[in-house]
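Q: Given the coordinates of chain A, assemble chain B onto it according to the supplied hints.
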Amino acid sequence: MGWASYQEDIESRLFGAGHMKTTVACWPQPGPRPAAVHKQQKGQVARGKTEPMSKLQEFTVASARPLPVVVLADVSGSMAAEGKIEALNTALGEMIAAFAQEDSAQAEIHVAVITFGAEARMHQGLVAAGQVQWQPLRATGRTPMGAAFDLARDLIEDRDRVPGRAYSPAIVLVSDGQPTDAWQEPLQRLLGSERAGKAQRFALGIGADADRDMLAAFLADPEARVLEAHESRQIRNFFRWVTMSVSQRSRSATPNRSVMISPEDLDDFDDF
Amino acid sequence: MTSEARGRLALFGATVTGPRHRGQGHPNQDAWLKAEGAFGGLIAVCDGLGSRPASASGARLACRAVRRAVRQWPGTSVGADPSDLIRLVEALWRLSLPPLGAEDCATTCQFALREPGGALVLAGLGDGVVLVRNSGGGVRCLGGRASAAFSNETLGLGLPHRLRDWWVEVLPAPGGSVVVASDGVADDLRPDRYDALVAWLVEEIAPLPAHQRWLRLRAELHAWPVPHHTDDKTLAVMTEQGQEEPCPK
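Respectively, the protein sequence lines represent chains A and B. Going letter by letter, the first sequence gives residues 1 to 272 in the working numbering. Going letter by letter, the second sequence gives residues 1001 to 1249 in the working numbering.
Rather than coming from a laboratory, the hints here were simulated on the basis of the structure. If a hint is listed, it holds; no wrong ones were tucked in.
Derived coverage of chain A by chain B (criterion: at least 3 residues anywhere in the stretch with Cβ under 8 Å from a Cβ of chain B; other residues may be distant):
1. 55-65
2. 106-114
3. 151-165
4. 194-204
For every residue, glycine included, the Cβ atom is placed at its ideal position computed from N, Cα and C.
Isolated chain A, as found in the complex:
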C-alpha cells in the first residue's frame, strides 16, 4: 500500500486560489489550449458562455439557477374602478420586462402570476421572465385570497417546478379589499410550509378598503412594511421597488439572502 498522495490536491487548490497564476499548466494534447486555463487573473470573472464547451454539457442542465417571483394579484371586480387594473397591468409588464433584461445576474429570474377574482388561478405559469408573453389581467368576481395562497404554496413546494437548485423565492401580494373566502388557514399553511415559508414577501394594499391587518399577517415580520397605494402611480412605484429589490438579490454574491431596498431610496418614490 502506498502513502497518501496530495500532489493533485495541493496543486489544484493553489492553482485554483490564484497563487500559481504565473504557472500555466501544459495541455499535452495537440490543438488549442482551453481558454479557461489562462483565465486566472484576479478580478476577472470567467463566464461560462465565453469558454470552450465542456464535455460536461452532456450531463448538466442547460439553464441558470432560477430565482422565482410569484405574484398574487387581486383581480376582483373592484379593481376595475379608478384605473387600478390598468395600472397593475402596466406595472407588472414593466417588472417582467426589467427582469428579462437582467444581464449581470447570478440567477435567472422566473415569474409566475396567480390571480384571484372569479376564481383563483395560475394566470402565468412559472417561466423565465424572458419567456413570458404577458396577457393583461381583467377584473371580475370576488376575492378568494385563501385559494390563491394554496396555489402559491403548491407551486413553491413542487420540486419539479421549483427545483432544489433554485434560490429562495419572492412572493408579492397585491389587494384592494377584504378576502371573501377562508384565508387564515391557507395563509398559515403557506407561512408554515418548509419551502414557501422561506420566501421573501412583499405586500401592497390598494385603496382605503384594503385589509391591512391581513396584509401584515402575510408579511409576518414586525419590521416589514405594508405599502399602500391610493393612486395608479403608486402601484407602478411599488413594482419598481419590488423589481429593484429582486434584481439586487439576483446580482448579489448571496442571492438566497433577502435584499430589501428602502422605498425612499428610489427616485420619485416620495409617496409611501
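A: Structure of chain B alone, referenced to chain A:
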C-alpha cells in the same frame, strides 16, 4: 526494470475556483483528498460555507480529519459501527481547528471509503452528492440537498446539527465506482444522466495518465457549461482498474 501491480484502485479528482470567488479574489472554498493505506482507498470532498471567513481552511481540515479517522476506525470486517467513524471525523475536525473557531470554518463533508475486503462505506453531511455505480452498471445517488432546502442552504461541520443529520451507507458487495461531487457540480447535474457521467469518468478519464487526467478534468470543470454558474466545483472518483506501472530498481 520491473513492473509491479500498484493495486486495483484508481483515485483521482480535481477542483476549480468558481467565477464568484475568482471575481472577488477569494480562494477556492472546496477541498478534496484521495488516499490509500491499510484502511483501503478513500476519496473525500468538502465544501466550505461561503459566508464563513475560514471555511476554505475548514474544508481542507475536514478532508484531513476523514483521512485520520479511517486510519483509526477498525472497519466493518470486525463489526465496527460506521457511526463511530462519523464521531471520529467530527472530533478530529474540531481538534484540528484551534485557534480557528468551528463556526468560522463551517463546511460540508462527503466521503467514500473502500475497505480492503471490498466493502464501501459512504457518508455525507450537507449538500453535495455521492454517485455509486455497481458492477451491473446501475447508478445510485446518495446525499444531496434536503428536500426543503434551496440553493446555498445546507448543514455542515461547524453548524448546529446532530449525528443523524449525516447519511451513512455500507455496501458490502465489492466492485463498482464512486463519484463524489460538491454542490457546485451536483446541483447542475441531470439525474437522468448520472450513469453517463460516471461512465465517462471511469471509461474515458480514468485510463489517462495521472497528470493528463487531472488537467483534463480541471479544464472540463473550468468550462462549466451552465449559464451564470458561480460556485467552486470539485469532483473525486474512485474506481477499480487494473494498473501496472514500471518501478525503478
